[in-house]
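Engineer: Sequence:
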Amino acid sequence: MRVTLFGRASVAQKMEQFENVIQLLVDAGHEVLLNESLYMIQDDLQTQYNVSKINTPDDTIDYVLSLGGDGTMLEAVTWIGDKAIPILGLNFGRLGFLTDTVASFTADTVQRLQEKDLVIDERSMLLWTNPEGEPIRRFPHALNDITIQRASSSSMITIHVTIDGIPLNSYWADGLIISTPTGSTGYSLSCGGPIIHPSTKNIVLTPIAPHNLNIRPLILDKGVKIAIEVEARDPQFLATLDTHSVLLDTSRHVEISSSPYITKICRLQNDYFTGAIRDKLYWGIDKRNSHG
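Residues in the sequence shown are numbered from 1302 upward in steps of one, following the working numbering.
These are computed hints drawn from the structure, not numbers from a lab.
Built from N, CA and C at the ideal position, the CB exists for glycine as well.
One should not assume that every hint holds.
Cβ-Cβ distance ranges computed for the label pairs, FRET-style [stated by the list, open to error]: (1) S1552 / E1317: 49 to 57 Å; (2) L1521 / L1419: 25 to 33 Å; (3) R1589 / V1525: 38 to 46 Å; (4) T1348 / Q1314: 16 to 24 Å; (5) H1498 / N1356: 33 to 41 Å; (6) S1552 / D1587: 45 to 53 Å; (7) T1357 / S1552: 29 to 37 Å.
Straight-line C-alpha distance at most 27 Å; calculated BS3-like pairs for lysine-lysine [stated by the list, open to error]: (8) K1502 / K1526; (9) K1565 / K1523; (10) K1354 / K1502; (11) K1384 / K1417; (12) K1588 / K1565; (13) K1502 / K1581; (14) K1417 / K1502; (15) K1565 / K1384; (16) K1588 / K1384; (17) K1502 / K1384; (18) K1384 / K1354; (19) K1502 / K1588; (20) K1565 / K1315; (21) K1384 / K1581; (22) K1526 / K1581.
Assemble the whole structure, with the sequences as input and the hints as a guide.
Structural biologist: What follows is the structure, given as structure tokens:
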């Protein structure tokens, strides 16, 4: 196998775990590639391994292993781009819905990767289209969410939303989150949005601190086209695609739809979603559920 390890330089704080992943792969006879950030710190490993640096992904890569938290995972998804390479997240960070614990990466895991003895989820993504100019970034797709937010903390903005050419609402708020099911356990959840099973292909609109008390999150079908215009006292607003953010002029129109691309996320357990909700959101932690 050709396996790419993707991570930030902060992995230097977890060198023992980093080295364990490399050693298990090398000992099994697999080719290991490192993205630039990891390649820069690999000289600090106790043992020097025959690894190579990779700048751009290609179709010969069998897997990408993301070493970090959900933020690193989202960066890895952007780096993979349209290649649809299966990605396994190993949690070197804190709370992670997209990542397995690094302790779960063993020689058995390597064998399961080689034998393709794992579950691969195909996650839907969002596409940002800017009909009036350049794309917001090279790969204008998001696995978690796209947000429209005020550029400063001084006043709210008004976000005019049209669905398939039909006006939906003008949100007087701090912002609006357009989320995938995968992103429903992220920023959207903290703003009162619903938790949606990642196997579905819906799109969720969740307002951020809306001034209209009757405004609630809305679940839309994957096939809709969302057009957005922003009014604000400031000449700019803040737009984000997963971990990427940029200031845009309020004269810019935004169009959001389901992406033609998917993200392939590997997982080792069958109860991934329900287990993550139970263990990471502490569902079921109630004295009334104790017996004996």
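Engineer: None of the hints should be skipped; say for each whether it holds.
Structural biologist: Now for the hints, and whether the structure bears them out:
| no. | hint | verdict |
| --- | --- | --- |
| 1 | S1552 / E1317: 49 to 57 Å | holds (52 Å) |
| 2 | L1521 / L1419: 25 to 33 Å | holds (31 Å) |
| 3 | R1589 / V1525: 38 to 46 Å | holds (41 Å) |
| 4 | T1348 / Q1314: 16 to 24 Å | holds (19 Å) |
| 5 | H1498 / N1356: 33 to 41 Å | holds (36 Å) |
| 6 | S1552 / D1587: 45 to 53 Å | holds (51 Å) |
| 7 | T1357 / S1552: 29 to 37 Å | holds (34 Å) |
| 8 | K1502 / K1526 | holds (14 Å) |
| 9 | K1565 / K1523 | holds (18 Å) |
| 10 | K1354 / K1502 | violated (35 Å) |
| 11 | K1384 / K1417 | holds (18 Å) |
| 12 | K1588 / K1565 | violated (38 Å) |
| 13 | K1502 / K1581 | holds (23 Å) |
| 14 | K1417 / K1502 | holds (25 Å) |
| 15 | K1565 / K1384 | holds (10 Å) |
| 16 | K1588 / K1384 | violated (47 Å) |
| 17 | K1502 / K1384 | holds (20 Å) |
| 18 | K1384 / K1354 | holds (18 Å) |
| 19 | K1502 / K1588 | violated (36 Å) |
| 20 | K1565 / K1315 | holds (26 Å) |
| 21 | K1384 / K1581 | violated (30 Å) |
| 22 | K1526 / K1581 | violated (33 Å) |
Checked against the numbered hints above, the structure breaks hints 10, 12, 16, 19, 21 and 22 and satisfies the rest.
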